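So the chains spell out like this:
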Amino acid sequence: DARVTQTPRHKVTEMGQEVTMRCQPILGHNTVFWYRQTMMQGLELLAYFRNRAPLDDSGMPKDRFSAEMPDATLATLKIQPSEPRDSAVYFCASGLSQADEQYFGPGTRLTVT
Amino acid sequence: GESVGLHLPTLSVQEGDNSIINCAYSNSASDYFIWYKQESGKGPQFIIDIRSNMDKRQGQRVTVLLNKTVKHLSLQIAATQPGDSAVYFCAVSSGSARQLTFGSGTQLTVLP
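These protein sequences, in sequence, are chains U and B. In terms of my numbering, the first sequence opens at residue 49 and continues consecutively. In terms of my numbering, the second sequence opens at residue 81 and continues consecutively.
Don't read these hints as lab results, they were simulated from the structure. Please note: incorrect hints may appear among the correct ones.
[Stated by the list, open to error] Cut-off 30 Å, straight-line C-alpha distance, at most; resulting in silico cross-link-like pairs (DSBU-like, lysine-lysine): (1) Lys59(U) to Lys126(U); (2) Lys59(U) to Lys122(B); (3) Lys136(B) to Lys110(U); (4) Lys122(B) to Lys136(B); (5) Lys122(B) to Lys126(U); (6) Lys110(U) to Lys126(U); (7) Lys136(B) to Lys148(B); (8) Lys59(U) to Lys110(U); (9) Lys136(B) to Lys151(B).
Since this is a predicted model, take the numbers as computed values, not measurements.
Put together the whole structure using the sequences plus the hints.
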């Protein structure tokens, strides 16, 4: 069945290293969202794309985070350099622009030491 | 902006009983509401949604009730089962941006 996939599922890295997370949206979906989930802040929207164009990335720390959609089947979220406070679960979700529901991937659990 | 809050961070129910999870939102212009279930180690899973032109919507064992007057949303789960144990989030959307604002989640525990 159709679902959002994310890789890697787990990532442990040292402070200062670059981290790249990948997302494959559901085929045919034209909106992609990146969220971060922590115990303290809950689910926070980092960025979202419609038809591969970034519409809002105001939730992202601009100096170290970047999000792109190289093509309709791949979205990436990059952190460079990573910091311990970036430790969280990062979710990608996809949907259709004419609908409101979003379908989430399994997440990437990032630990920065 | 929108803020979304759940009334209780945790809820314990006996297996077979009905569960009710409540959510409040602040923006009277919110017009789309959705409930997600998140099991440990997984992403949020869509349960049921409702638009502001409706007061009630039913799914399989779940019902969502919307009270726009007091800006309140609830999720009712009938005959709660052990597999229903999870964190439940409500989320609301409004305006042209169509972004979802999430509540903080309620941990539902089903007791044997």
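Hint consistency between Lys59(U) and Lys126(U) [alpha-carbon to alpha-carbon, up to 30 Å]: holds, 13 Å
Restraint status (C-alpha distance of Lys136(B) to Lys110(U) at most 30 Å): violated, 41 Å
Pairwise hint evaluation, Lys136(B) against Lys122(B), where the allowed Cα distance is 30 Å at most: Given pair Lys122(B), Lys136(B) holds - Cα atoms ~28 Å apart, limit 30 Å.
Proposed proximity, Lys126(U) with Lys122(B) (alpha carbon, max 30 Å): Cα-Cα ~21 Å, so holds.
30 Å Cα cutoff - pair Lys59(U), Lys122(B): holds, 16 Å
Distance restraint between Lys136(B) and Lys151(B), which requires alpha-carbon spacing of 30 Å or less: holds, 14 Å
Satisfaction of hint between Lys110(U) and Lys59(U), Cα-Cα up to 30 Å: holds, 21 Å
Restraint check for Lys136(B) with Lys148(B), where alpha carbons must lie at most 30 Å apart: holds, 11 Å
Pair hint Lys110(U) and Lys126(U), alpha-carbon separation not exceeding 30 Å: Between Lys110(U) and Lys126(U) the Cα gap is close to 11 Å, so the pair holds against 30 Å.
In this structure, only the earlier hint numbered 3 is contradicted, and the remaining ones agree with it.
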